[in-house]
Amino acid sequence: MRDYAQPQFSLAEIVERFGGELVGDGSVAIRQVATLSSAGEGHFSFLANPKYRSQLSSTGASAVVVAQADKELARIPHILSTNPYAYYARVAALLNPPDTAPPGIHATAVVGKDAEIAASASIGPNVVVGDGAVIGEYAQIGAGCFIGAHTEVGTQTRFYPNVTVYHGCLIGERTIVHSGAVIGSDGFGLANEKGCWLKIPQIGRVRIGNDVEIGANTTIDRGALDDTVIEDGVKLDNQIQIAHNVHIGAHTAMAGCVGVAGSTRIGSHCTVAGSAMIIGHLEIADRVNISVGTLVTKSINQPGTYTSSIPSQPHRDWLKNAAQLHHLTDLAERVKQLEQKLSQLEGKSS
Amino acid sequence: MRDYAQPQFSLAEIVERFGGELVGDGSVAIRQVATLSSAGEGHFSFLANPKYRSQLSSTGASAVVVAQADKELARIPHILSTNPYAYYARVAALLNPPDTAPPGIHATAVVGKDAEIAASASIGPNVVVGDGAVIGEYAQIGAGCFIGAHTEVGTQTRFYPNVTVYHGCLIGERTIVHSGAVIGSDGFGLANEKGCWLKIPQIGRVRIGNDVEIGANTTIDRGALDDTVIEDGVKLDNQIQIAHNVHIGAHTAMAGCVGVAGSTRIGSHCTVAGSAMIIGHLEIADRVNISVGTLVTKSINQPGTYTSSIPSQPHRDWLKNAAQLHHLTDLAERVKQLEQKLSQLEGKSS
Amino acid sequence: MRDYAQPQFSLAEIVERFGGELVGDGSVAIRQVATLSSAGEGHFSFLANPKYRSQLSSTGASAVVVAQADKELARIPHILSTNPYAYYARVAALLNPPDTAPPGIHATAVVGKDAEIAASASIGPNVVVGDGAVIGEYAQIGAGCFIGAHTEVGTQTRFYPNVTVYHGCLIGERTIVHSGAVIGSDGFGLANEKGCWLKIPQIGRVRIGNDVEIGANTTIDRGALDDTVIEDGVKLDNQIQIAHNVHIGAHTAMAGCVGVAGSTRIGSHCTVAGSAMIIGHLEIADRVNISVGTLVTKSINQPGTYTSSIPSQPHRDWLKNAAQLHHLTDLAERVKQLEQKLSQLEGKSS
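Protein chains in written order, with our numbering: chain A, 1 to 350; chain B, 1 to 350; chain C, 1 to 350.
Isolated chain A, as found in the complex (with noise of 0.2 Å):
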């Protein structure tokens, strides 16, 4: 855990900043955040998950925010909030601010001609920037990107170390793209002509919104024709594969190692799970839920949460079900046969 020498701000500073209801000392000094079982001085630390509830009266913490239900058991200094876990992600923003790169670009980095740099943005060592790209106010490139000719990069988004953004792509604001990372690159267009498969150039972009944030070594290819696009707000974890034309809706958020086909539409506020896959050419609605390994073939028009994964077993017994799992329409069949015949000697015996 990250302990240098932080902000420190009051329980009371806090309340004043993202409100809540404060119960207790309110000059408690904070300067981190902490689990409840590994609190100490000077830690906020947070009640989200009631199977943590017998923690709260041992903890360490030098004070805690807490959903109105369990206000009774808080013995320290606390906050009354309706969300303590989105609470908690604020006051955890405010102690550890991002650490910055000093604004300027760096001499080794390569500037393409007719490229915009913000005065603000800070682009790091190594760094190739494009003919004609944009990059915004306040933005941070890190060292070893890749920025293409004609790429806009938008103000305060920050680009790790080793992220490759290929020509002509939007990139929105407050906008965080890790490690690795690659942004347009061509779709995967073949046509197949004779037994061999010919190219179709990608001459669509990438349009990604605000507040966005993509994973490290998460690949999102450029459109065919059109663009391929990531609304305001999406969250993607690490080593998600976005095919071209695909269209995530706003604050929706993946976990890793997911896969999307191509020309998919995604809703607004959907989550999925990891190694979730979706083939391509379908319509998810809006607050669709894909669970963990899930295969997703066709569109789903109604909210909730969708799941075709199978649970880990002891080999030997998995071994005997799969086999059984080939032999599906047999036993079904089996069983069809059982009722009928059972249905006449029902007859006769009646």
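Since the hints were made in silico from the structure, they are not lab data.
It is possible that some hints are incorrect.
No copy labels: a pair is met if it fits in one copy or bridges any two.
The calculated lysine-lysine pairs, modelled on DSSO-like cross-linking and capped at a C-alpha distance of 30 Å, are [unchecked claim]: (1) K71 / K194; (2) K336 / K320; (3) K51 / K71; (4) K320 / K51; (5) K320 / K341; (6) K348 / K336; (7) K71 / K199; (8) K199 / K51; (9) K51 / K298.
Following the hints, complete the assembly by docking chains B and C onto the known chain A.
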């Protein structure tokens, strides 16, 4: 969609280049491709999927390519082709030639001793070329790429920025490698000795043929003793993992997130859909199609389509079915007992 | 296969180094390793898998290592070992020492203030080392790597080109990290507030032990509050995703494309086969083996092998079985009714 100044061709010039039968005014000017529904003045479109037939009468395109079967539907200038989608691919490529970087070695590139770089090749900013590497005519090596010692890159091959190729690999001609791809990393070769893993040096290479395309963040490991081989015309999408000593036959295509484990040999003209996984030491025949999300655990010696994936259901339904999945052996056993008892009963009652 | 000038050893010298029982002429010169089937003059091979026994009599190898049980089969000079494959690994490593870069900091590298770089370490072209980072003796940092501020890299550790390590991480000794790997990126920590996601700062670190190997394009996120930990001797293949606060026990190995979700704790000496997925907040015991493509959704407290994957079938067969899969609850209910009715009938007919 890109709509810069383009090269521009008349419909007659296009037919002269690519064949097909011209019907209607050959003088119409074509400057970009588009889908039937979005096309306007100057756009060339195509009808390959019967489900879009109704769009043909209302399209704003200036010209279109269609199959003989659809010729009655086309009221605008059109080309008749036996393969409209491939024809469209060729026209799209004609109208959208890739941007090319100027020949020469950027001042910030670092080139090892005895490396041979063709005068017509373009070596971008911050590229590192190892000792004895060979870069062919008109090859384009994007910013930040690393080309290991004694690796050879063929004529007209293009590496987008931040590609890494280890030492001693061979990359063919007209091959495209997208950003973040890693070629020639060590295969996962380990021997267990008293619970600890000993690394086995990986001394094979990666050999990649001509006209191959490799997607963003795809990884191809070098062979343990012999080489990992990707034959001519293979197309690999993003985030694919090809393990050591895999052999992929010519003109096979794989979609995103596929994994192929060590020493598996895949035939020619196969397709592998997204997220499929093929285990090691298998032989897959030519013209095999593996479905999305499928796990292949045995060799396949017949062409055809193979599947194991399970489509998603609403979570509540799935929960019940998944619970049964772990009791399939029991269910089969119960059906067997029912059959025996019923057979006894039938004996009695007949 | 690499066949440059090698160090060369006599069979007797090899036995002197690595033990085992020498049978036959110890003076034969060994200069490379090879498989039984491809070996020739000067090659050293091994027999570890009984299925290759027949190749032993016809191999062109100059010498071979075999188990006691196979000693009758070996007609060429050979070594008897209790673990022929591990023995082979040691000989292969002896004959193929990794290429090493010369010590020193390349002129194009950018080194932050107060960074400590050992004189024997090699810092390649375009490497960026952050403020206060520490690079140990004989460490090798390949071209284009980024080492964040205050990150520490141990003695003899090797980073291949284009690795990214964020700030404040600890990497042990003799560890190997392949190209495109990203270590220390932010974990996927979000709090939902009225439908929008608030980012939770990730202030833990990544701590990686000694003798670890991390594959190409693998990602390991930093912890939210505490650290993500990879213990000594862990081997991770390519394109693995390790989420925040995961703990992987010593000498555990994971094959390509595996995902481990947040806060899961995996024991020592486990193996996880390709494309397996382990969800978050689980405890996996020591010596657990997870099969290929398996989804683990519950903690596992017993050693053994666990599986959930389904092998592929010809598509037509699968279609029928998959249709049944969605009606398993119905099928089970019908079997139950059959049992009840049959029981009534048996009552009547007896």
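Requested in this report: Have a look at K336 and K320 and pick one of within, between, both or neither, based on CA distance no larger than 30 Å.
Outcome: Answer is both; intra-copy 23 Å and inter-copy 15 Å each pass.
Query - Same-copy or cross-copy closeness of K320 to K341 [CA-CA at most 30 Å] - result: Cα proximity of K320 and K341: in one copy and across copies (28 Å, 23 Å).
Report task. Measure nothing new, just compare the shortest in-copy and cross-copy C-alpha distances for K320 and K51 to 30 Å and report within, between, both or neither. Result -> For K320 and K51, the Cα distance is within 30 Å only across copies (26 Å; inside one copy 37 Å).
Query - Homo-oligomer pair classification [K194, K71; C-alpha up to 30 Å] - result: Only across copies: K71 and K194 sit 22 Å apart there, 72 Å inside one copy, limit 30 Å.
Query raised in the report: With identical chains treated as interchangeable, where does the CA-CA distance between K348 and K336 reach 30 Å or less: within a copy, between copies, both, or neither?
Result: both (19 Å within a copy, 22 Å between copies)
Report task. State whether the alpha carbon distance between K51 and K71 is at most 30 Å within one copy, between copies, both, or neither. Result -> For K51 and K71, the Cα distance is within 30 Å only inside one copy (15 Å; across copies 61 Å).
Query - Within, between, both or neither, where K71 and K199 count as close if Cα-Cα is 30 Å or less - result: Only across copies: K71 and K199 sit 26 Å apart there, 63 Å inside one copy, limit 30 Å.
Query - Copy assignment of K199 with K51, given that the CA separation must stay at most 30 Å - result: Result: close only across copies, 23 Å inter versus 54 Å intra.
Query raised in the report: Under a CA distance limit of 30 Å, which applies to K51 and K298: within one copy, between copies, both, or neither?
Result: Intra 37 Å, inter 17 Å, cutoff 30 Å: inter-copy only.
Of the numbered hints listed earlier, not one is contradicted by the structure.
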